[in-house]
Amino acid sequence: MKTLFVVVALLTFPKEQAVVFHQLYDDCKVAIHELKQKYEFEWYVCITEQHWGKWHQNKTAGEWLKWFKD
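Residue numbers (the working numbering): 1 to 70.
It should be emphasised that the hints constitute simulated quantities derived from the structure, not laboratory data. The structure presented is a predicted model; accordingly, all values stated were derived computationally and were not measured. One thing to keep in mind: the hints can contain errors.
Using C-beta positions, here's what the derived DEER-type ranges look like [stated by the list, open to error]:
#1 K59 with Q23: 25 to 31 Å
#2 G62 with E42: 15 to 21 Å
#3 D26 with D70: 28 to 34 Å
#4 N58 with Q37: 25 to 31 Å
#5 K15 with K54: 28 to 34 Å
#6 F13 with G62: 27 to 33 Å
#7 K36 with H56: 18 to 24 Å
#8 Q17 with N58: 15 to 21 Å
#9 V19 with T48: 14 to 20 Å
#10 W67 with H22: 16 to 22 Å
#11 F13 with E63: 19 to 25 Å
#12 F13 with K54: 28 to 34 Å
Cβ atoms here follow ideal geometry from the backbone N, Cα and C, with glycine treated the same way.
All chains should be built: construct the whole structure from the sequences, respecting the hints.
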């Protein structure tokens with residue numbers, strides 16, 4: 001059974017920006033491996049969909065960018 005993970009990553013190319021990815025994966029490591037095949041990033045956070053909906057879904061890209069930089 002798959003768990004819905006939300007991955008928030010700080011992309012480094014073509015410009016530095018925070019991006020939210022909603023994908024179904026067995027675990028966070030698989031999600032990160034697959035996303036790194038398409039995007040350039042080093043910093044990320046994996047959040048379960050339940051936790052995302054309760055605490056983080058209303059954060060803007062700018063708020064996530066600030067969070068990564070702090």
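Okay, which hints does this one fail, numbers in order? Checked against the structure, the hints that fail are numbers 1, 6, while the rest are satisfied.
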